Amino acid sequence: MHSLETVHKPIITHTQLVKYAGASGDFNPIHTVVPIAEKAGLGDVIAHGMLIMGMAGEALSKWFPRKNLRKFKVRFSSMTRPGECLSIEGSIVNEIEVDGELRLAGKLFVKNTEGETKLKGEFQVKKESEEV
Amino acid sequence: MIQLDRTGLTFSIESFTIERSKIKEFALAIGDDNPIYYDFETAKRDGFSDIPIPPTFPTVIEMWGGIDFETIIRELDLNPLMVLHGEQEYEYFSDIYAGDTISCLAKVISHVEKKRMDFITIESVYKRDEEVVLISRSNIIERKG
Chain Z
1 MHSLETVHKP IITHTQLVKY AGASGDFNPI HTVVPIAEKA GLGDVIAHGM LIMGMAGEAL
61 SKWFPRKNLR KFKVRFSSMT RPGECLSIEG SIVNEIEVDG ELRLAGKLFV KNTEGETKLK
121 GEFQVKKESE EV
Chain C
1 MIQLDRTGLT FSIESFTIER SKIKEFALAI GDDNPIYYDF ETAKRDGFSD IPIPPTFPTV
61 IEMWGGIDFE TIIRELDLNP LMVLHGEQEY EYFSDIYAGD TISCLAKVIS HVEKKRMDFI
121 TIESVYKRDE EVVLISRSNI IERKG
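The listed protein sequences correspond, in order, to chains Z and C. Residues in the first sequence are numbered from 1 upward in steps of one, following the UniProt record's numbering. Residues in the second sequence are numbered from 1 upward in steps of one, following the UniProt record's numbering.
Keep in mind the hints are simulated off the structure, nothing from the lab. Owing to the predicted nature of the structure, the values given are computational and were not obtained by experimental measurement. One should not assume that every hint holds.
According to the in silico footprint, chain C covers these stretches of chain Z (three or more CB under 8 Å from chain C) [to be verified]:
(1) 23 to 30
(2) 53 to 67
With a straight-line cut-off of 20 Å between C-alpha atoms, the simulated PhoX-like cross-links for lysine-lysine are [as the list claims (entries may be wrong)]:
(3) Z:Lys39 / C:Lys144
(4) Z:Lys19 / C:Lys24
(5) Z:Lys107 / Z:Lys126
(6) Z:Lys73 / C:Lys107
(7) Z:Lys9 / C:Lys24
(8) Z:Lys19 / Z:Lys9
(9) Z:Lys62 / C:Lys44
Glycine included, C-beta positions come from ideal geometry on N, C-alpha and C.
Isolated chain Z, as found in the complex:
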């Protein structure tokens, strides 16, 4: 197993959730409207799961050339709120061959500073000939 360099993200703010809502087109109010989040029993708003997956995708494109990404799958484990600070950890687990293409298969985790896992992911990227 080969660990990848952890990517650290700045603190998540309410404003970032508003920006992400507009950019992505996901206007579910539990992400942006505090009274509705309270009514849903969540207390404060929660971040879009897809924003957290987006951060994991950012890490993937830092670890490997963007062109090489073949498969990316995540499971959302816990909610993220404004004020939290996340980081993305990843590792290469093995090498596989799919349709005659050599690929690296790996795992990633998005966690907050307390170590709570927000998302668990798996990925496959095309292996470059010079990569170990």
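Please arrange chain C on chain Z, whose structure you already have, making use of the hints.
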């Protein structure tokens, strides 16, 4: 028993043209500073023919293309306050760029009830002309209070 099985329900997007400015806005919202999403020359140097999309950008195509949160809630008859995103998967078959016009056919491929929760899986096939460029699968969960 599921009160109303939604398996087989489809949604479609006829055409969605990807714009450079939308890619930039999306990358900025994530805080992804990779220059390939902002600068054409850098993207070209990295072997792309235009600005490529970030890995999770297909959500923009769905949401802004018309398969948005309100539509899903209405068509699947879900309680918006009880919906969670469980899993998300992408399979990438070809690079997708600014300037590409993409169509999308989404289909509910499974709907099961477990422990007073509904699990719904939607598979979306994205095409550029007749070429399948991407497949996504979303698993959404509705809590039953």
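How the hints compare with the structure:
no.	hint	in the structure
1	23 to 30	holds (count 8)
2	53 to 67	holds (count 11)
3	Z:Lys39 / C:Lys144	15 Å, holds
4	Z:Lys19 / C:Lys24	12 Å, holds
5	Z:Lys107 / Z:Lys126	15 Å, holds
6	Z:Lys73 / C:Lys107	18 Å, holds
7	Z:Lys9 / C:Lys24	18 Å, holds
8	Z:Lys19 / Z:Lys9	16 Å, holds
9	Z:Lys62 / C:Lys44	17 Å, holds
In summary, this structure violates none of the numbered hints.
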